[in-house]
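Enquirer: Keeping the supplied structure of chain B fixed, place chain S with the ligand upon it in accordance with the hints.
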Amino acid sequence: MALTDAQIERYSRHLILKEVGGKGQRKINEAKVFLVGAGGLGSPSALYLAAAGVGTLGIIDADTVDLSNLQRQILHTTDRVGVPKVESARQTLSALNPDIRINIFQDRISSSNILNLIRDYDIVLDGSDNFPTRFLVNDACFFLKKTLVSGSIFRFEGQVAVIKAHEGSPCYRCLYPEPPPAGLVPSCQEAGVLGVLAGTIGILQAAETLKEILGAGESLANGLVMYDALDMTFRTLKTRKNPQCALCGPNPTITTLLDYEQSCTMPSAAGNPA
Amino acid sequence: MPITVRIPSPLRKLTGGLGEVQTKADTVGGLIDALETAYPGIKERVCDEHGTVRRFVNIYVNEEDIRFLTSQDTPLKDGDHVSIVPAIAGGCA
Ligand SMILES: [Zn+2]
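Same order as they appear, the protein sequences are chains B and S.
The letter at position 162 of the first sequence is residue 901 when you use my numbering, and the numbering goes up by one with no holes.
The letter at position 44 of the second sequence is residue 60 when you use my numbering, and the numbering goes up by one with no holes.
Just chain S, same shape as in the assembly:
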């Protein structure tokens, strides 16, 4: 069973509109690289030039924020659900 990744609206242009994709990886860092291979351009949106997850993007493994696990070294196992959650500002005034 692969890992399910929730893609937020602003990044769906890169996944051909898919809101959920499946991939295989051992860590969150590896997952970002796997996504980049499948959907080029996604890594630079999620990570800065040092490859660190940007401060206005949060990644959750199941319900937990990876910053409170072991960040990009957080291990993944089959069946995990990963959510990429950028800050959104709209109230559409």
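Only chain B is shown next, with the shape it has when bound in the complex:
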């Protein structure tokens, strides 16, 4: 599909990059990206992906906008407190770029809906706030051979990883086989988070997503980026496929989706939407 005059103008700063160009911009326009969460991480990634012209954005989030979200969740505005986050996201993103298709789901992601939700997308961005969802998204992406761009934040620290286990690189379970038990890892709600950190990490996720769409540069599929805002340090650690991985190893024991219980006795591991 040829770009219209308005698109040529809108995406002109992409078109003059040889790594993007007309061909790359068409790839972006045809790409379908699914975002788990329209919160701290989902906000900046969705904004930049929409601005870049990603043709279809799917967004799932069950929550409504709360005043305490606005310190970091830049998709939402003060006058939308009480509005479903996905509805607020649609308003912001379609105002930014009316060309793109935005599919919203006001729901919790679970083992019963995730496969149908992500099936038609190319790349999944995980910006969820709890371990059970992270493991579920990892497993579903592996089963459906989707690229997963994972981001997480805690206080002043963030992590980003690109997961393409279906292409032989490590999955999230290769890094962390199981969720931590109760009480050992406090949630953001308990621990706090520097608002702008969500921006830094969410935008790194968006950048890695665009690189995956374009096939440009060095993929982060075998690395984990750690960012520390207080020290102003980035470190890229090597990740490796775990030959005993229960999901992507040669003798998998996880062959269907699991639901880890999000019980209120383990608030720190299960998280709690703030």
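Everything labelled a hint here was simulated from the structure, so no lab data went into it.
Below 20 Å or equal to it, Euclidean Cα-Cα: the simulated SDA-like pairs (lysine to any residue) are:
| # | chain 1 | residue 1 | chain 2 | residue 2 |
| --- | --- | --- | --- | --- |
| 1 | B | Lys980 | S | Leu85 |
| 2 | B | Lys771 | B | Phe882 |
| 3 | S | Lys59 | B | Pro920 |
| 4 | B | Lys980 | S | Arg83 |
| 5 | B | Lys950 | B | Thr975 |
| 6 | B | Lys980 | S | Glu79 |
| 7 | B | Lys977 | S | Val69 |
| 8 | B | Lys977 | S | Gly95 |
| 9 | B | Lys977 | S | Phe84 |
| 10 | B | Lys977 | S | Thr90 |
Derived contacts from chain S toward chain B, CB cut-off under 8 Å, selection only:
| # | residue |
| --- | --- |
| 11 | Arg71 |
| 12 | Glu79 |
| 13 | Asp81 |
| 14 | Ala105 |
| 15 | Gly106 |
Using N, Cα and C, we set each Cβ at its ideal position, and we do this for glycine too.
Expert: Using the frame of chain B, we list chain S with the ligand on its own:
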């Protein structure tokens, strides 16, 4: 030149807020014990009751995961950079 250890946010309460500490040790296991001496309580956060590094905590010597080296027997030399990296879940929805 001692070994530099990166302390993740959840453990900084035990290091008086320090994100980076220096210590001396010949192996990763020895380093964990040295940290425990200097900052009591850190070992039980990093290791289980058998003294094995917990599955949701990864330790890297320079850029390599110790599970792909020789785990807690991985030797250390002066100037090495060790990172303790727990899984974090927050997206702050
Ligand atoms: Zn794996």
